[in-house]
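**Q** Sequence:
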Amino acid sequence: MIFFLIFLGVFLLMECVTWLTHKYVMHGSMWYFHADHHQPKYANVFERNDIFFVIFAIPSIVLFYFGVEGGLNYKFFIGLGIMFYGLCYFMIHDVLIHQRFKWFKHTNNKYLVGLRKAHKIHHKHLGKEHGECFGMLFVPFKYYKM
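If you're matching positions, the sequence shown starts at 1 in my numbering and goes up one per residue.
Incorrect hints may have been included.
Unchecked claim - Straight-line distance between alpha carbons at most 25 angstroms, and here's what the computed SDA-like set of lysine to any residue pairs gives: (1) Lys120 - Trp31; (2) Lys124 - Tyr111; (3) Lys102 - Tyr65; (4) Lys124 - Asp94; (5) Lys145 - Glu15.
Stated by the list, open to error - Label pairs and their computed distance ranges (CB to CB): (6) Tyr65 - Lys41: 13 to 21 angstroms; (7) Phe4 - Pro40: 38 to 46 angstroms; (8) Tyr32 - Gly70: 35 to 43 angstroms; (9) Gly127 - Gly70: 46 to 54 angstroms.
In case anyone wonders, no lab produced these hints; they're calculated from the structure. Bear in mind the structure is a predicted one, so any value in this text is a computation, not a measurement. We put the CB at the ideal spot given by N, CA and C, even for glycine.
Take the sequences, apply the hints, and build the full model.
**A** Dropping the structure here:
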């Protein structure tokens, strides 16, 4: 039970980490890597922005490695929480919202439509300033009502 709570807590905490990283790092000191993501109709398969998937994967992989020493320990479940959040982020952000992979083209689910609306608001700003809606899985309720 404690391992599940660790996993769940880390998963939820990752939304806060993502929000902070997106607002202060991606739209700050590492804008160079994130800028191409804000350009309409980006022509390439990969973006410089994809480096953030690698950056977030490294701690998860390291925690998996050290989390299986002498049997499963809490580090494994911290890594699992990070990895599962990354998987959800990928499915929501890259598949559903940006359609980089054409797996789910249409949805009427209010939650998913709200996520797409909030992300469109985020992308209306092509520069790094004046951004809003930096989260991914939890966005303001007003976008579910629009």
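**Q** Lys120 and Trp31 were given as a pair; does the straight-line alpha-carbon distance stay at or below 25 angstroms?
**A** It holds: about 19 angstroms lies between the C-alpha atoms, which stays within 25 angstroms.
**Q** Hinted pair, alpha-carbon criterion (25 angstroms max): Lys124, Asp94. Please report holds or violated.
**A** Holds, because 17 angstroms separates the two Cα atoms, which is no more than 25 angstroms.
**Q** Against the 25 angstroms threshold, does the CA-CA distance of Lys102 and Tyr65 hold or violate the hint?
**A** Given that 25 angstroms is the threshold and the Cα spacing comes to 33 angstroms, the pair is violated.
**Q** Are Phe4 and Pro40 spaced within 38 to 46 angstroms by their CB atoms?
**A** Hint holds: Cβ distance 42 angstroms, inside 38 to 46 angstroms.
**Q** Given a hinted range of 13 to 21 angstroms, is it respected by the beta-carbon distance of Tyr65 and Lys41?
**A** 39 angstroms, violated
**Q** Is the Cα-Cα distance between Lys145 and Glu15 25 angstroms or less?
**A** 22 angstroms, holds
**Q** Can you confirm whether the C-alpha distance between Lys124 and Tyr111 stays at or below 25 angstroms?
**A** 20 angstroms, holds
**Q** Determine whether the Cβ-Cβ distance between Gly127 and Gly70 falls within the hinted range of 46 to 54 angstroms.
**A** Holds - the Cβ-Cβ distance for Gly127 and Gly70, about 50 angstroms, lies within 46 to 54 angstroms.
**Q** Cβ-Cβ distance between Tyr32 and Gly70: within 35 to 43 angstroms?
**A** At 42 angstroms between Cβs, range holds.
Consistency with the previously given hints fails for numbers 3 and 6, ordered from lowest to highest.
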